[in-house]
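Using the sequences and the hints, build the whole thing.
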Amino acid sequence: IRRWYWTSVFGQRYSQGVEGTKSSDYKLMVQWFKDEASIPKFITDFEKDYQTKIPFEDITVKSSAVYRGVMCLIKKKGATDPLIIYDQTKKDHMDHIFPKSKAEKYNAKPADINSILNRTLIFERTNEWITNKDPSDYLTEIMNKQNIDEKEMRRRLETHLISSEAFDCMLKN
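Take 148 as the starting number for the sequence shown in the working numbering and just add one per residue.
Since the hints were derived computationally from the structure, they do not count as laboratory data. Don't take every hint at face value.
As the list claims (entries may be wrong) - Here are the simulated lysine-lysine pairs, BS3-like style, with alpha carbons at most 25 Å apart:
hint: 1; residue 1: 298; residue 2: 222
hint: 2; residue 1: 249; residue 2: 292
hint: 3; residue 1: 200; residue 2: 181
hint: 4; residue 1: 174; residue 2: 209
hint: 5; residue 1: 319; residue 2: 249
Unchecked claim - FRET-style restraints, in silico, Cβ to Cβ:
hint: 6; residue 1: 248; residue 2: 167; range: 39 to 49 Å
hint: 7; residue 1: 291; residue 2: 180; range: 21 to 31 Å
hint: 8; residue 1: 296; residue 2: 248; range: 20 to 30 Å
hint: 9; residue 1: 168; residue 2: 195; range: 17 to 27 Å
hint: 10; residue 1: 316; residue 2: 257; range: 53 to 63 Å
Where is the CB? At the ideal position from N, CA and C, for every residue including glycine.
Structural data, given as structure tokens:
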């Protein structure tokens, strides 16, 4: 079921004309449950070359399966709020890593700034605190305010699927 789910999400299997696909997939899945060797072809095809099929930089629509799938993975990874404001009355908020208001400064097109590659989950209150700040500024402020080092900040950002290389880019704006 896990393989079917992630293939369906990242393969955008049910984005268009789903009635025939759902019906066909249901039959294939029932067969697969009866016989583990009969993995549906759409799953094996996707797993074989999924890395070349998903243009993450082009994913900008919040309601798309891939966009929501990435947010699910971030949540599943245990994304910790970088500021760690424990205000449970506020909800998670999808926000830009590099602020939209500074797109021109970063020489970024709207599609770049709104890409899923520039979004993550943070608490709404943290979002209000970092609004319109460059990443280097808000990261430095967080580290100073909480007396943490870069290693700890990198660890926190890893829960957002932000690599060490991406962290270095954030420090350089």
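Quick rundown of the hints versus the structure:
With a C-alpha separation of about 21 Å, the suggested pairing of residue 298 with residue 222 holds against the 25 Å cut-off. Proposed proximity of residue 249 and residue 292 is supported: the alpha carbons are some 24 Å apart, at most 25 Å. At roughly 30 Å between alpha-carbon atoms, residue 200 and residue 181 are farther apart than 25 Å, so this suggested pair is violated. For the suggested pair residue 174 and residue 209, the alpha carbons sit about 30 Å apart, so the restraint of at most 25 Å is broken.
For a cut-off of 25 Å, the pair hint linking residue 319 to residue 249 stands: about 14 Å separates their Cα positions. Separated by about 44 Å at the C-beta atoms, residue 248 and residue 167 satisfy the suggested range of 39 to 49 Å. Taking the beta carbon of each, residue 291 and residue 180 are about 54 Å apart, not inside 21 to 31 Å as hinted. Taking the beta carbon of each, residue 296 and residue 248 are about 29 Å apart, inside 20 to 30 Å as hinted.
One distance hint, 17 to 27 Å for the beta-carbon pair residue 168 and residue 195, holds here, with the actual separation near 19 Å. For residue 316 and residue 257, the hinted distance range of 53 to 63 Å is not satisfied, since their beta carbons lie about 19 Å from each other.
Consistency note: the structure conflicts with the earlier hints numbered 3, 4, 7 and 10.
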